[in-house]
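Asks: Residue-level listing of the chains:
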Amino acid sequence: MLGQQLLNGLTLGATYALIALGYTMVYGIIQLINFAHGEIYMVGAFVGVLMVTVFKQGLVVSLVAAMLTCMIIGVSIERIAYRPLRGSTRLSPLISAIGVSIFLQTLMTKVQGPQPVGFPHVIEDAIYKFGSLEITKVQILILVVASLLMAGLTFIVKYVKIGKAMRAASEDYDAASLMGINVNRVISFTFAIGSSLAAAGGVLVGIYFNSVSPLMGVSAGLKAFCAAVLGGIGSIPGAMLGGIFLGVAETLGIAGGFDLYKDAIAFTLLIVVLLFRPTGLLGRPIQRKV
Amino acid sequence: MDTIFNILLNDSIFKAFLNDYYIQVLTMLGIYLIGSLGLNLITGVTGQLSFGHAAFLSIGAYASAITSLKLGMPFPIAILAGGVMASIWGILLGFPTLRLSGDYLGIATLGFGEIVRVVFLNLSITGGALGMAGIPRNSSLTLVIFVVFFTIWAMYRLENSRFGRALVAIREDEIAAEAMGVNITNSKIVAFALGTFFAGVSGGLYAHLLTYLNPSDFGFLKSFEFLTFVVLGGLGSIPGVILGTSILTLAPEFLRFIADYRMMVYGLLMVFMMIVRPRGLLGGVRLSRVFKKKLSQRDKASATGAN
Chain A
1 MLGQQLLNGL TLGATYALIA LGYTMVYGII QLINFAHGEI YMVGAFVGVL
51 MVTVFKQGLV VSLVAAMLTC MIIGVSIERI AYRPLRGSTR LSPLISAIGV
101 SIFLQTLMTK VQGPQPVGFP HVIEDAIYKF GSLEITKVQI LILVVASLLM
151 AGLTFIVKYV KIGKAMRAAS EDYDAASLMG INVNRVISFT FAIGSSLAAA
201 GGVLVGIYFN SVSPLMGVSA GLKAFCAAVL GGIGSIPGAM LGGIFLGVAE
251 TLGIAGGFDL YKDAIAFTLL IVVLLFRPTG LLGRPIQRKV
Chain B
1 MDTIFNILLN DSIFKAFLND YYIQVLTMLG IYLIGSLGLN LITGVTGQLS
51 FGHAAFLSIG AYASAITSLK LGMPFPIAIL AGGVMASIWG ILLGFPTLRL
101 SGDYLGIATL GFGEIVRVVF LNLSITGGAL GMAGIPRNSS LTLVIFVVFF
151 TIWAMYRLEN SRFGRALVAI REDEIAAEAM GVNITNSKIV AFALGTFFAG
201 VSGGLYAHLL TYLNPSDFGF LKSFEFLTFV VLGGLGSIPG VILGTSILTL
251 APEFLRFIAD YRMMVYGLLM VFMMIVRPRG LLGGVRLSRV FKKKLSQRDK
301 ASATGAN
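Chains A and B, in that order, give the protein sequences. Under our numbering, the first residue of the first sequence carries the number 1, and numbering increases by one thereafter. Under our numbering, the first residue of the second sequence carries the number 1, and numbering increases by one thereafter.
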C-alpha cells in the first residue's frame, strides 16, 4: 500500500520536476520568477492534443512537436516581454510575466473553450504487477521520459559548452559576460530548454489524467514553482528533488485523508521548509554584502 | 452619531447624476484603492514583496461578513473587525516569514495565500465552495470615498513620519538601516500589520458591497492584480498607486466592447505598459517636485523676459 503510494507520488513528482526545472534555471540566471511558465506547460499539452487529433501523429512525434513549439514560444516571450526590461527593477519583468500569463490563458480559453478536453488514446491501458505493486503503462512512460529528459539536461549542463556557459552565467552574470560569454544567447537557450521540458510535462500530465484545460497551468505552475523553491531555487538537482518530494508528499497526504486540503499541502510544506532552511533543501545560503 | 452614518451610507447625491452601474464601478475602484494603498506600504515603501495580499482581503471580508451576519453586529464594527482580523494574521505570518529575504518572503506569502483560500473552501462557517451569501449591502460610494481619503491621509502622514522614513531606509538598504539603529524586524512587522489592516478593511467593504463571497474570488491572481496596481503606478508613490489602480480597474470596464478579447488585451496592456515605463507610470516622479520645477522655470522665463 505504502509502496504503491510512493510509486504514484514518484510519477506525479516527476512531472512537477519537469516544470520546476524551467523555473529554477531561469531564476538561477536572471532572478526572474517566470510566472508565464505554467502557461507554457498548458500550451504544450494542447499542442500534444492537436498533434494527435488533427495531424493523426503518434505519441513520440506529438511529444517532440509540443516541445519544439513551446521552445519557440518560450524564446519569443523572453525576447518580447522580458529582454527590454533587463536592468530595470526586479518587479517589472515579474509584472510583464503575469501579463503574458493572463494573455496566454485567455487566448487558449478563447481558442479551445473553458471546458477541459480529454487526451486522445495514444497508449494502451496495460497494468503490470510486481508483487503487490501495480504500475500502469502510462506511469512507466512518464518515469522513462522524465528520466531521459533530466539525464539529457544534466549532460548538457555538465559537459556541453552552452551548458557550461549557463552555469557560468548563473554563478555570476557580469563576470560571465566579461569572459566573452554571450549572455543573451545563454538566456534564450535557457528559456528554450525550460519551455520544452514544461511542454513535455504538459503532454505527459495530459495523458496521465486524461484532461487538458486552459486553466491547468495555474495550479501546476504554482506547485512546480513550490517544488523549485523547496529544492533550492537556482539548483537543478534541487528542482528534481523538490518535484519528487512534493509529488510524494501530496500523494501520501491524499492517502492519509487530507484530500480536501490537497492543494494546501504543497504550500504548507513550502512554508515549513523555508522557515527551517530559508534557501530550500539544496540551495546555497544567501550572502549579505555591504 | 446615527445621522453621520446615515449621510455616509446614503448615495442619493451621486444617484442624481450617476447611474447604478457607474456607482458600482466607482465603489469597487475605491475599495481596491484602499487595498492597494495598503500593499503599497508593504511593497512600495518598505520594499517587502507580498504575493498574498488577496488572502488578507479575504480574511477581512469573511471576518466582517461573519461579524455582521452571524454575530449581528453593526456595519462599522464589522468593517473594523475585518481590518483587525487581517492585521492579526498579518502579524502571525509576519513574525516567522519577515526574516526571509527578498523573493523568499514573496514566495512564503504566495503559499500563505493559497493555504487561506483552501481553508476557506473547506470551512463550514464560510459556506465552503458554495460561498457565503446574504451579507447586508451596506457599502456606499460616499462611505468608500470617505475611507479612501482617510487612507490616503494616513499614508501621507505615515510616510512623512520618523517611522515612515525608517521604512524607506529599510527598502533602500537593509544593512545600512540596521547600522543606523532601525529595528528592522519590528518595523517590518508594523508595516505588515498596517498594510494588512487596510487590506482587511477593503475586504470588509467588498463583502458588504457584493453581498456574496466565494473563496475562488481571492486566488493568487487577485494578489497579483494588486501587485500590478502598485508596480504599474509606480512603487512607493501614492499618486502612482492611485493612477495605476484606477487605470487597471477601469480598463476591463472600458474594454467591455471587445467582449471575449478583453482579458487578452488586458494582459498585453500590462506587458506594453511595463516595457514603456519599467519603473511604473509615476515611478521616480515626485509630483510636488515636478510642480515646483514648472514654477521655477516659469519664474526664470519671466525673469529673462524682463531683461
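Be careful, since some hints might not be right.
Covered stretches of chain B (chain A as the covering partner; in silico rule of three or more C-beta atoms under 8 Å from a C-beta of chain A) [unchecked claim]: (1) 89 to 99; (2) 103 to 110; (3) 221 to 235.
Restraint ranges, calculated between C-beta atoms of paired labels, are given here [unchecked claim]: (4) B:G134 with A:D172: 54 to 62 Å; (5) B:A251 with A:V60: 19 to 27 Å; (6) A:N182 with B:L130: 52 to 60 Å; (7) A:Q31 with B:Y212: 36 to 44 Å; (8) B:T185 with A:V61: 27 to 35 Å; (9) A:F55 with B:L130: 57 to 65 Å; (10) A:I123 with B:P96: 39 to 47 Å; (11) A:D172 with B:W153: 43 to 51 Å; (12) A:D172 with B:N183: 31 to 39 Å; (13) B:L123 with A:P114: 25 to 33 Å; (14) B:A154 with A:Q5: 34 to 42 Å; (15) A:V54 with B:L92: 29 to 37 Å.
Simulated from the structure, these hints should not be mistaken for laboratory data. If you're wondering where the values come from, they're calculated on a predicted model, not measured in any experiment. Built from N, CA and C at the ideal position, the CB exists for glycine as well.
Asks: Now, for every hint given, state plainly whether the structure supports it.
Replies: We went through each hint and held it up to the structure:
Counting residues of the stretch 89 to 99 of chain B whose C-beta sits closer than 8 Å to any C-beta of chain A gives 3, which meets the bar of three, so the coverage hint holds. For a cut-off of 8 Å, the count of residues in the stretch 103 to 110 of chain B with a CB near a CB of chain A stands at 6, and the three-residue condition holds. For the stretch 221 to 235 of chain B, the assignment as covered by chain A holds, since 7 residues bring a beta-carbon within under 8 Å of that chain's beta-carbons and 3 suffice. The supplied range of 54 to 62 Å is met by G134 (chain B) and D172 (chain A), whose beta-carbon atoms lie about 59 Å from each other.
Evaluation of the 19 to 27 Å hint for A251 (chain B) and V60 (chain A) yields a failure: the beta carbon distance comes to about 44 Å. Range check, N182 (chain A) to L130 (chain B): about 56 Å between beta-carbon atoms, so the 52 to 60 Å window is met. Q31 (chain A) and Y212 (chain B) have their C-beta atoms about 40 Å apart, which keeps the hinted 36 to 44 Å range intact. Distance hint check: the CB atoms of T185 (chain B) and V61 (chain A) are about 56 Å apart, inconsistent with the given range 27 to 35 Å.
At about 43 Å, the CB distance of F55 (chain A) to L130 (chain B) disagrees with the hint of 57 to 65 Å. Distance hint check: the CB atoms of I123 (chain A) and P96 (chain B) are about 45 Å apart, consistent with the given range 39 to 47 Å. About 46 Å separates the C-beta atoms of D172 (chain A) and W153 (chain B), a value consistent with the hinted range of 43 to 51 Å. Checking the proposed 31 to 39 Å range against D172 (chain A) and N183 (chain B) shows it holds: the Cβ atoms sit about 33 Å from each other.
Restraint check, L123 (chain B) to P114 (chain A): a C-beta distance of roughly 27 Å satisfies the suggested window 25 to 33 Å. Checked against the given bound of 34 to 42 Å, the beta carbons of A154 (chain B) and Q5 (chain A), roughly 52 Å apart, lie outside it. A hinted range of 29 to 37 Å for the beta carbons of V54 (chain A) and L92 (chain B) is inconsistent with their spacing of about 52 Å.
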